[in-house]
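Protein chains in written order, with UniProt numbering: chain A, 1 to 372; chain B, 1 to 278.
These are computed hints drawn from the structure, not numbers from a lab. Since the structure is predicted, the reported quantities are computational estimates derived from the model, not experimental observations. Mixed in with the good hints there might be a few duds.
[To be verified] Under 7 Å between C-beta atoms, here's a sample of chain B residues computed to sit facing chain A: (1) GLY164; (2) ASP168; (3) ALA172; (4) LEU174; (5) ASP176; (6) VAL187.
No residue lacks a Cβ here, since even glycine has one placed at the ideal position from N, Cα and C.
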Amino acid sequence: MVTVTFDKVRKAFGEAVAIPSLDLAITSGEFVSLLGPSGCGKTTTLRMLAGLEQPTAGEIMIGERTVNNLAPSERDIAMVFQSYALYPHMSVRENIAYPLKKRGVPKADRPAMVQAAADLLQLGPLLDRKPRQLSGGQQQRVALGRALVREPKVFLLDEPLSNLDAKLRAHMRAELIELHRRLGKTMVYVTHDQLEAMTMSTRIAVMQGGELQQFATPAEIYHRPANTFVAGFIGTPSMTLADGEITMDQGRPVLKLGTLPLELPANHLSERPEGTRRVTVAVRPEDILIGTGSFRANVRLVEPTGHESIVLVNAGDVGFTVRVAGDTVLKAGETIPLDLRRERIHVFDRESGRRLNADLAAATADPVRSRA
Amino acid sequence: MMPARRSTTILANLVTWGLVLLISFPLIWMVVTSVRPQTELFQIPPTVIPRAITFEHYIKLIEETPFLRYFMNSMILATSTTIVVIVVGTLGAYSLVRFSYRGRETLAALVLFTYLLPSVVLIIPLYLMMVKLGLANTLTSLVIAYTTFALPYALWLLRSFMAGVPEDLESAALVDGASRIGAFVDVILPQALPGIISTALFTFILAWNEYLYALVMVNSDQARPLTTGVMNMLITSFNIEWSLLMAASVMMSIPLIIIFAFLQSYLTRGFGAGGVKG
């Protein structure tokens with residue numbers, strides 16, 4: 001069983017602190033995505049795990065072993081790079097066999113292992129070609145083959161799909177999920193694409209500014225974002241984020257959002273606000289209902305995408321993004337009734353960005369078992 | 001339109017070939033003179049195409065003069081210089097490209113700074129140093145001297161080639177189980193090979209053609225390379241052995257002509273890399 005642990009890991013490049021202090025515990029067999037905008041420290045985190053960067057402080061463990069001072073070759077990991085990093089002067093066969101050669105696998109055993117990896121990824125007919133004779137998708141599979149040929153403890157993947165076109169990316173996503181299920185290995189996957197993270201991961205570590213924002217299952221992150229950053233970052237289209245104020249009225253919290261008064265369920269918040277509390281409110285596009293309710297909204301823009309449409313509306317000084325069924329007939333300029341699903345409204349402290357909903361502490365199911 | 005364009009083409013061709021002829025005339029004259037019998041040499045009017053062809057000068061050169069020794073010296077000298085420069089230059093360029101340490105850029109700039117000093121200025125100090133080291137009058141002293149001016153250039157040329165090798169390749173090799181040296185040998189060297197070859201050629205040619213250092217630092221026949229050896233042997237205050245001199249010149253050029261013929265594409269690549277990125 002192979003766990004991966006970051007214990008108060010800090011990384012600074014000279015004066016610039018990339019990662020102030022990272023704690024992350026990855027369970028054996030997990031598929032964890034490090035997700036965040038560019039420059040959030042996710043690639044640095046992965047490279048530290050690979051041994052390509054030295055942490056400034058803290059401890060990184062693979063299994064029971066502290067790997068801080070181990071060379072990449074001693075960590076028993078495999079890595080797939082965004083650029084694939086195939087050795088241009090070697091054939092596909094030599095590329096895949098290279099890690100075997102470097103790890104002293106007897107020459108006689110290598111062909112069978114290369115063949116097995118090639119079969120798994122349907123690379124058989126390409127074995128004697130050079131990387132430059134392959135398409136992007138094929139190169140990607142060779143890079144995967146080179147990573148999995150020697151069955152490492154941990155797989156590291158650094159944005160491996162970002163150079164593929166959309167169709168191939170969707171295909172490779174499915175293949176990676178399948179591969180993870182079949183191999184049952186711990187995988188750490190870096191991406192800035194939330195769709196990849198949501199579809200493939202058992203858990204997602206959302207990062208921003210070198211700090212871990214939330215580490216939870218995709219469902220948890222989607223339905224219970226831990227702070228305003230996660231709320232704004234996850235979901236396409238993004239949630240509507242707006243400033244509001246909460247006061248208590250006869251034991252029930254009342255949210256004033258723009259000019260809209262919204263009575264929230266009594267147990268909606270984890271703490272009772274004293275007086276007026278300044279909050280940031282986030283609402284998913286699908287949690288806003290159109291054609292019902294007492295609020296009046298003005299339609300600004302309709303973006304049909306086929307099976308659904310994204311509608312931008314204004315209600316009570318707040319601009320909402322709404323997801324509606326594709327067959328809904330709406331015109332810009334129209335005034336329509338609108339309602340919010342109160343129990344799904346996310347409330348965050350405006351200063352700290354911390355989630356105030358009472359449901360945050362909800363238990364998370366075993367992330368690994370949930371896939372099988 | 002068409003005739004005008006054709007006449008421009010013809011004119012351009014004429015000018016080009018005229019230039020080629022002008023530049024190559026001394027070379028042609030060198031070859032022709034080297035196979036002309038002694039009797040025909042100072043004939044007036046001179047003949048462009050010799051009436052008889054003889055190889056006596058070549059035979060005389062090889063059999064009766066230390067030409068072959070000089071040739072060997074030059075070979076040893078150019079080859080050793082190339083090996084030293086390539087080994088040190090490749091590792092140095094790799095370090096400049098891949099590692100970050102204090103003063104890295106300053107070091108790279110200082111290396112180039114050595115070019116600001118005319119080599120004449122350095123000859124005497126270098127010679128005195130060689131005397132102190134007990135290396136005066138040896139091929140080794142020339143190898144060291146040539147390295148001092150060939151290495152900076154090689155370092156900059158190789159640096160731009162190394163910078164073109166993606167860092168991910170090396171990271172991949174490290175993760176795949178290679179040591180740093182292993183990754184360097186398995187991945188970086190093959191990728192930088194065209195650059196290394198072209199740098200090696202430049203260095204070889206530089207060392208092969210060098211005259212000034214050889215003239216000052218070596219004055220024994222044992223260690224003289226071709227450039228100074230041939231001059232010393234055939235040009236005296238009283239007489240110039242034109243036929244032998246030309247034959248020697250032809251033979252001196254042959255290694256370089258062979259190199260140019262076979263490895264021309266590497267040389268042009270070297271010019272490109274040095275020019276664009278260096």
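Right, here's what the structure says about each hint:
{"no.": "1", "hint": "GLY164", "in the structure": "12 Å, violated"}
{"no.": "2", "hint": "ASP168", "in the structure": "4 Å, holds"}
{"no.": "3", "hint": "ALA172", "in the structure": "4 Å, holds"}
{"no.": "4", "hint": "LEU174", "in the structure": "4 Å, holds"}
{"no.": "5", "hint": "ASP176", "in the structure": "4 Å, holds"}
{"no.": "6", "hint": "VAL187", "in the structure": "6 Å, holds"}
Consistency with the previously given hints fails for number 1 only.
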